[in-house]
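Spelled out, the chains give:
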Amino acid sequence: DAKTTQPPSMDCAEGRAANLPCNHSTISGNEYVYWYRQIHSQGPQYIIHGLKNNETNEMASLIITEDRKSSTLILPHATLRDTAVYYCIVRVDGNDMRFGAGTRLTVKP
Amino acid sequence: GAVVSQHPSRVICKSGTSVKIECRSLDFQATTMFWYRQFPKQSLMLMATSNEGSKATYEQGVEKDKFLINHASLTLSTLTVTSAHPEDSSFYICSARGTSGGGEQFFGPGTRLTVL
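Residue numbers (our numbering), protein chains in the order written: chain A, 1 to 109; chain B, 1 to 116.
Just chain A, with the same shape it has in the complex (with noise of 0.2 Å):
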């Protein structure tokens, strides 16, 4: 699976959106970009996956370039219990899923 790259840490003001990067750029046609969370001493929450559209749920919404090199996590009105570990991940359906340093994510008040 294709190695990602994230800044290690981001702040964001609460109420506001918090953008997260993701930088795939060796990623292959058949790998999903897959985002995860963890919240302290938890285990890590599925948040949202894609292939090539944009995707959006109740939690995020994924934006992934058109060359799919890179995608960036939108969580539109972050909350303080937003504050967290943020996983990107980019892999083949079936494989396991491998898990980098990821972004920690401090929203505050």
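Take these hints with a grain of salt, some might be off.
As the list claims (entries may be wrong) - Think about it this way: if two alpha-carbon atoms lie no more than 27 Å apart in a straight line, the pair counts; the simulated DSS-like pairs of lysine-lysine are:
#1 A/Lys108 / B/Lys41
#2 B/Lys55 / B/Lys20
#3 B/Lys41 / A/Lys3
#4 B/Lys14 / B/Lys64
#5 A/Lys69 / A/Lys52
For the record, the hints were derived by calculation from the structure and aren't laboratory data.
Please arrange chain B on chain A, whose structure you already have, making use of the hints.
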């Protein structure tokens, strides 16, 4: 839907004893289950993958005789840490993937193991 539970959530044991951690998929059947370990301030590291009814596949560097994995049914996998030592103290997280063919993995809440 897609809930994975772990038991116990926290365990403290003496050095040299064995500890068993259970992972259950509550509302779906999991053909494949995964065990991860996470040390403080680090990311999750995959330890092993198991398919129901067959032997687990361990990642390089993970001792299969120390970390015994049993995936006896489509809803239950167990991880036994044998002869635990303080360096085995960690946060152990299981994950399960269903039979429906979708790519998502669902994660349990984790088990905090402390070996004294």
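Results for each hint:
no.	hint	verdict
1	A/Lys108 / B/Lys41	holds (21 Å)
2	B/Lys55 / B/Lys20	holds (17 Å)
3	B/Lys41 / A/Lys3	holds (20 Å)
4	B/Lys14 / B/Lys64	holds (21 Å)
5	A/Lys69 / A/Lys52	holds (10 Å)
Comparing the model with each earlier hint shows no violations; every hint is respected.
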